[in-house]
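Protein sequence lines correspond, in order, to chains A and B. Its first residue numbered 1, the first sequence is counted upward by one per residue in the numbering used here. Its first residue numbered 1001, the second sequence is counted upward by one per residue in the numbering used here.
Simulated from the structure, these hints should not be mistaken for lab results. Just so you know, these numbers come straight off a predicted model, no measurement behind them. Be careful, since some hints might not be right.
Pair by pair, the computed Cβ-Cβ distance ranges are [to be verified]:
(1) S1017(B) <-> L63(A): 25 to 35 Å
(2) G68(A) <-> S1029(B): 23 to 33 Å
(3) R38(A) <-> V1071(B): 56 to 66 Å
(4) D22(A) <-> E1182(B): 18 to 28 Å
(5) R1086(B) <-> A48(A): 20 to 30 Å
(6) E15(A) <-> T1033(B): 23 to 33 Å
(7) P1130(B) <-> L63(A): 17 to 27 Å
(8) D1014(B) <-> Q42(A): 16 to 26 Å
Reference listing, derived: stretches of chain B covered by chain A, where coverage requires no fewer than 3 residues with Cβ under 8 Å from a Cβ of chain A [unchecked claim]:
(9) 1022 to 1028
(10) 1057 to 1063
(11) 1138 to 1146
(12) 1165 to 1176
Even glycine gets a Cβ: it sits at the ideal position worked out from N, Cα and C.
For reference, the chains in residue letters:
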Amino acid sequence: MPKAKAEPLDRVLDEYFAQQRDEGDLSLPDGTAERVLRRARQGQQTRARITIMVGTMAMAAGLALAAGGGWLARGAVSTEDPSQASWRRVRERERLAALGEQDLVEEHEPLVATAGEALWDEDLDDDEPGAEIGEQTDDESEESWNTVDQ
Amino acid sequence: MNDIEVMQPEIRADVESKAMAQSARSIVSRWVTEHGDAMLRWATRLLGDRYEAEDAVQDALVVALRRVDTVRDGSERAWLLGVTHRVCLSKRRRRWLSIFLPDDLAIEQAAPIESDQRSRTISRCLDRLPDRQRELLYLVFSEGQTVEQSAEILGISLGTARTHYHRAKQSMREFLAQEGIEDAKGEG
């Protein structure tokens, strides 16, 4: 006991707690050490798995950031959106045509037409199958209007 | 250079791992043998439930094994009781949830073992003390810890522990005298 001298109360408490200890008969069940070791091993494995998972996530986040940074850097070098550029060209042609500068319009034609422009040109081609149907329909509709007028 | 250092790295890692496992096994076995019962008594006193206390001691031993490098020579029991104390406090905090459980699932505070009238009276007097004071008396008188070691176990300063210890004894003298246990009177 750590007490320098036993007071009456100390003796009372010593007796009481000794009796509690003896009657309580508390002892750990057999196999406690094995269970503790097994749990410690499981905990170690879990921590290792978490470390690997966190490392992988950090690496993925790093790669995503790097990719995002690359995309932004590329955007900074060339900010021109091809579709917007095409519209700009159309507007410029219209502006020049309005001013009567047809020569300049032709000069201004892009060397490579955009996909939309090419499609538009093809649709207007008279040799394409289906072009005559459009004409026929127009005539018929003209006739029918005339008939109605009469 | 020792035998382990001259081994090939993979064999060396294997030997070291086995040595660590062996070492952990011997440490835990010794703790269970030398301090296990004290840890269980302390956990039972803190939690009031024998089976929950066994779980708490297992948890405490796992934590202690992970932190084995922080134990100081000569204060192993106090250190283990301190780890047990923290684990039990954590369990007690979680137990707040139990007030929402039906009565039959809630853990009831285990009554101390009382074989006679005198023991019952002393138990009643101890119950009237604040938790901290009761815990200090338990650690000193039941587990043979010094007030300084008890302060370390409870995670409080030595000054605070001394104050609580003296107040606890003073209160116990009064309570026991009120209950007619006269032989506890004396110095104070």
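message: Of the numbered hints stated earlier in the document, which are not met by this structure?
response: 2, 3 and 7
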